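*Asks:* Chains as they are written, first to last, in our numbering: chain A, 94 to 208; chain B, 4 to 110.
Treat the hints as calculated values from the structure; they're not laboratory data.
All values derive from a computational prediction rather than experimental measurement.
Fair warning: there could be bad hints in the mix.
Examples of chain B residues lying across from chain A (beta carbon under 7 Å, computed) [said to hold, decoys possible]: (1) M98; (2) R99; (3) F100; (4) A102.
The beta carbon of each residue, even a glycine, is placed where N, CA and C say it ideally should be.
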Amino acid sequence: ETGVTQTPRHLVMGMTNKKSLKCEQHLGHNAMYWYKQSAKKPLELMFVYSLEERVENNSVPSRFSPECPNSSHLFLHLHTLQPEDSALYLCASSQDFRTGSAEAFFGQGTRLTVV
Amino acid sequence: SQQGEEDPQALSIQEGENATMNCSYKTSINNLQWYRQNSGRGLVHLILIRSNEREKHSGRLRVTLDTSKKSSSLLITASRAADTASYFCATNNDMRFGAGTRLTVKP
Numbered sequence: 094e095t096g097v098t099q100t101p102r103h104l105v106m107g108m109t110n111k112k113s114l115k116c117e118q119h120l121g122h123n124a125m126y127w128y129k130q131s132a133k134k135p136l137e138l139m140f141v142y143s144l145e146e147r148v149e150n151n152s153v154p155s156r157f158s159p160e161c162p163n164s165s166h167l168f169l170h171l172h173t174l175q176p177e178d179s180a181l182y183l184c185a186s187s188q189d190f191r192t193g194s195a196e197a198f199f200g201q202g203t204r205l206t207v208v
Numbered sequence: 004s005q006q007g008e009e010d011p012q013a014l015s016i017q018e019g020e021n022a023t024m025n026c027s028y029k030t031s032i033n034n035l036q037w038y039r040q041n042s043g044r045g046l047v048h049l050i051l052i053r054s055n056e057r058e059k060h061s062g063r064l065r066v067t068l069d070t071s072k073k074s075s076s077l078l079i080t081a082s083r084a085a086d087t088a089s090y091f092c093a094t095n096n097d098m099r100f101g102a103g104t105r106l107t108v109k110p
């Protein structure tokens, strides 16, 4: 148990569906992250939130829409996805982004399959 | 921003042997971290080494840092089958990772 909880653990969705991934941390961290990990590809940093503001958006298609309503919660809203979006989506948190304590805590991930 | 690059991409050893994997980076750093990932799960932080440190130990893990060569190494001594995982490095709290080293420890 890392203190970062992701739900659901598994998700199968059609290309026309809308779904959301949820991440929750109660570690008192100020920074939260979304990653995509596809088979045989490096871990891709998608979005970074620091103090509830988006500070990085790494050329991610608009069909992925992040939301950070407060410092403990992070969502990734999904709509009209493609089969190539099937991947493991990981959430992480750390005390701060690029300053202070470097240790990041990861959730167990959501395994997404787009059919 | 920059990410560390790990090598080798894959490493297969027998239980009891030592495993060494390397990380290279391009610009100056404040710190470098190593993480581990079991298949299909989240990453777990292993150890952080600061730029003014040359070596750090944690249990069976030993990390070295050579800032002149812009490289770090992670040594796992007396490996166990349970050490089978992918290992990643990251620099400066940048939160970007390379492709990792896939370690397989055969029983």
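*Asks:* If you check each hint against the structure, which ones fail?
*Replies:* Failing hints: none at all.
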